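Now for the letters of each chain:
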Amino acid sequence: MPENNNPVRGAGSSSGPRSLFSRLRQGDEIARLITLLFAASVVLIALAIVYQLWADSALSRHRFGLHFLVTSVWDPVFEQFGALPFIYGTLLTSAVALLLAVPLGIGAAIFLAELAPQRISAVCTFFIELLAAVPSVIYGLLGVFVLVPLMRQDVQPFLKSTLGFLPLFTGPAYGVGFLTAGIVLALMILPFIISVSREVLLSVPRDQREAALALGSTRWESTWKVVVPFARTGIFGSIFLALARALGETMAVTMVIGNTPQIAASLFAPGYTIAAVIANEFTEATSDLYLHALIELGLVLFLLTFILNGLARLLILLTERKGAEVRA
Amino acid sequence: MKRFTGFALALLALGAIALAQNALLINGAGATFPYPAYSKWFDVYHKQKPAIQINYQSVGSGAGIRQVTEGTVDFGASDGPMTDEQLKAFTAKRGTEILHFPTVLGADVPTYNIPGVSAELNFTPDALAGIFLGSITKWNDPAIASANKDVNLPAADILVVHRSDGSGTTYIWTDYLSKVSDTWKTKVGTGTSVNWPVGLGGKGNEGVAGLVKQTPYAIGYVELIYAIQNKMPYGKIKNSSGVFVKADLAGVSAAAAGAAKTMPEDFRVSITNAPGKTAYPVSSFTWLLIPARIQDAAKRDAIKGFLHWMLTDGQNYAEGLAYAKLPKEVVARELKALSKIQ
Amino acid sequence: MTARMTPRVLWRKSLSAVMLSLTGVCAVVAVSVLFLILGYLVIHGGRSVNWDFFTKLPAPVGELGGGMANAILGSAKLLALASLIGVPIGLFGGIYLAEFGGHGAGFVVRYAADLLNGTPSIVIGIFAYALLVLPFKHFSTFSGAFALGIMMIPITLRSTEEFLRAVPLALREGALALGANKSRAILTVVLPAAYRGILTAVLLALARVAGETAPLLFTAFSNRFWSPGWNQPTASLPVMIYTYAVSPYDDWHRQAWAAGLLLLGLVLVINLVARVVLLRGAAARRS
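Protein chains in written order, with the numbering used here: chain C, 4 to 331; chain R, 18 to 359; chain L, 17 to 303.
None of these hints come from the bench; they were simulated from the model.
Warning: the hint list may mix true and false statements.
What the hints assert, rightly or not - Distance condition first, Cα-Cα at most 20 Å in a straight line; then the derived EDC-like pairs of lysine to aspartate or glutamate:
hint, chain 1, residue 1, chain 2, residue 2
1, R, Lys353, R, Glu282
2, L, Lys153, R, Glu87
3, L, Lys72, L, Asp267
4, R, Lys353, R, Asp318
5, R, Lys57, R, Asp330
6, R, Lys230, L, Glu79
7, R, Lys204, C, Glu82
8, R, Lys110, C, Asp291
9, R, Lys255, R, Asp318
10, R, Lys110, R, Glu87
11, R, Lys202, C, Asp291
12, R, Lys230, L, Asp266
All values derive from a computational prediction rather than experimental measurement.
Isolated chain C (complex conformation) (with noise of 0.2 Å):
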């Protein structure tokens, strides 16, 4: 039992061995009880999500086995069911959020956590803090009233007459579509990677900063190349945390993603994600295999956050104890 081992926590009830009726009637077995039910029933929801995904999409994943995952017809009539698509899509979508969002979280958490003076600081990160509380279902409001059309009238017709030759920017400028879904994305996770990397820039030792400094370097030098990779793992951990979130985001994808399975170059190509398809088929599946293969798609999705979830975890956990250690 877990009960004793701390010591000082467990001061009340470490009056030495008793029977479990006096402990009983002493309360504290009773709140330690009922306080563990609860406990347990986290752990119990956590893993009824993790069985019910995996029970009901058995005949998906007994029909298509692992070429579920890497083939990409998506037909409901003919009942073939292959996943590529939409972890194309989901991927995509996320890879061109990380890449606009990184560069101007990590610039904009340098600023916060290294320049900026303490009061204008606290307001800007307050200001961030409630940027990262507009719901997801606003973001696509917007998107769909105000980038679409910009993308659509100026922004595509733009970037295809400067960068038209690569291939990621040709094809009709439909306004949706995988660019325009990653923008709306980069801009959620935005707050998510500048209050994170923020966090763990703060972290580091102030004296790692004043001994570059003393040795003649810029403050930019200081912070890019002593600050920085000092507190790199916990900054990668807050990308990935970013991506976690990135992934299984729904609504303001859906309503400018152009909901097509299809993989394609360009990112001015109308796409799909997994969060998407759910949404928009999970209501309407008409067969039993059509809504397993719908549930094995959540199944993927669950497991993709979770890897990265878990990754993230590790890497902010990591920077944090190397800034205890190098302090202690």
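Fit chains R and L to the known structure of chain C by using the hints.
Quick look at chains R and L alone, frame taken from chain C:
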């Protein structure tokens, strides 16, 4: 403590509001194709009988079929009749049959958004199949231009818009394309959701109309009323007699006239590409899907009451919303079929 | 810039200045996103909010007017019930972690909470549909609230643990020395000391789920009328925004903006209140 009391009071108030609304609520879901008509009907019916609220969510025909099969809604709605397998699945799951009740007739129209072109375009079946197969990619392609000699079509890329959700509108459209194009039939087939060769998806008739409206050089297919309500241009289609027909009540009724006599017992019938000089080729009945056995007596009576009203008084609201009334023979047979609901 | 600087030093100094100002630009861009969002919603939404919006039911499709009264109440009901489900589990689970949990059990619970925190909301929607909609044959307020409640657990749980651990040891020891047993000490001393922190966490969790749309699509579903009780489908603000935004009707677009403004306002106000609660707590401790 005060805070908690306040919270508890707020909850109580919420509960009270929640309980105060004790009208009979009937939930339905499905087709977006007849949504404007259904929405009107359920609104009018609720005003006539305030004790009955019919909550209809237009989430697509595929969803209507799925959810009524699972029993999560009281009735479904679809523009494509359920397939034999779906009927079997329903009986296996629910231990009773599902009944199809035609409600109104509507038409799918090809709607487009070509800047600078306000003329009504003519579409041959080959042109439509080619566009939606992705083999015709420019607006000035000879297959389109040859039927529209007076229109100056641009050399712009065609942006195809289709449904992203399972949809009866799609069923009707693909059913028609399968009848007029062998390539379509073998490559794509007929269904509420299909594997589209090209284009981008919008959710619901609302979503497709929205996308076409916002996207220059786009073409999509929507139910007639969506094109009319949103003031979007829509084209004529060449029917099986070789005449270019514009979708309207007369064209749809003409397509239905033939079917009324040959209507099968369970009302499941396709009238796309119907014969007749004036028939509009992409017309269809749309159905309510009602389980044959409804346990809750109050609900059963309410649903039967509504169906009766819909088949009689309700029909008069159809034409105002650009849906064609049911042929008289069909109404008579449906009224008889009401007794099958138990 | 003095003349004695070598070109190399000059280059390094100017690079430093340029890069540092670029980071400032990044920060300005990030913050301005928030104000752009707010600006658009206030301009478009503000024009569209009227009395009908708060008091009327939605009009039949294609007809002008109507409002979202049922969606506003629906969202309130969903959030209230979600809190009733999510907060106790998070709170008591957090107490267990901070006060009773050992290494093994504590690790498992923490891990499960992190897992839930990272689970995409749409997946939680699938779960709630399979668990509560299919067996009971009803889309319902309850199933939607259950999905939202699950999403509230991890934030509440981890923050409760954190704030309880931050309560000074001296406080507990004082209570124990006065003869209170452990559960009494937790109830009368430790919890009140961490009260503000926990309340903040609950409010932040609430703000997070208030705007969730994906899990509601196939749990709470939607409803054109008032939703009686807890066992019927209900309209909610986020789902209404989604449905109205992708529709072709201008009047629905107008209402989607209005609903967006209301929802964003709600979320931001909850956030602000949460922060004020925490700040006042900190001030009270200092004085």
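Outcome of the hint check:
no. : hint                : in the structure
1   : R:Lys353 / R:Glu282 : holds, 11 Å
2   : L:Lys153 / R:Glu87  : holds, 7 Å
3   : L:Lys72 / L:Asp267  : holds, 14 Å
4   : R:Lys353 / R:Asp318 : holds, 15 Å
5   : R:Lys57 / R:Asp330  : holds, 13 Å
6   : R:Lys230 / L:Glu79  : holds, 19 Å
7   : R:Lys204 / C:Glu82  : holds, 13 Å
8   : R:Lys110 / C:Asp291 : holds, 12 Å
9   : R:Lys255 / R:Asp318 : violated, 44 Å
10  : R:Lys110 / R:Glu87  : holds, 7 Å
11  : R:Lys202 / C:Asp291 : violated, 24 Å
12  : R:Lys230 / L:Asp266 : holds, 11 Å
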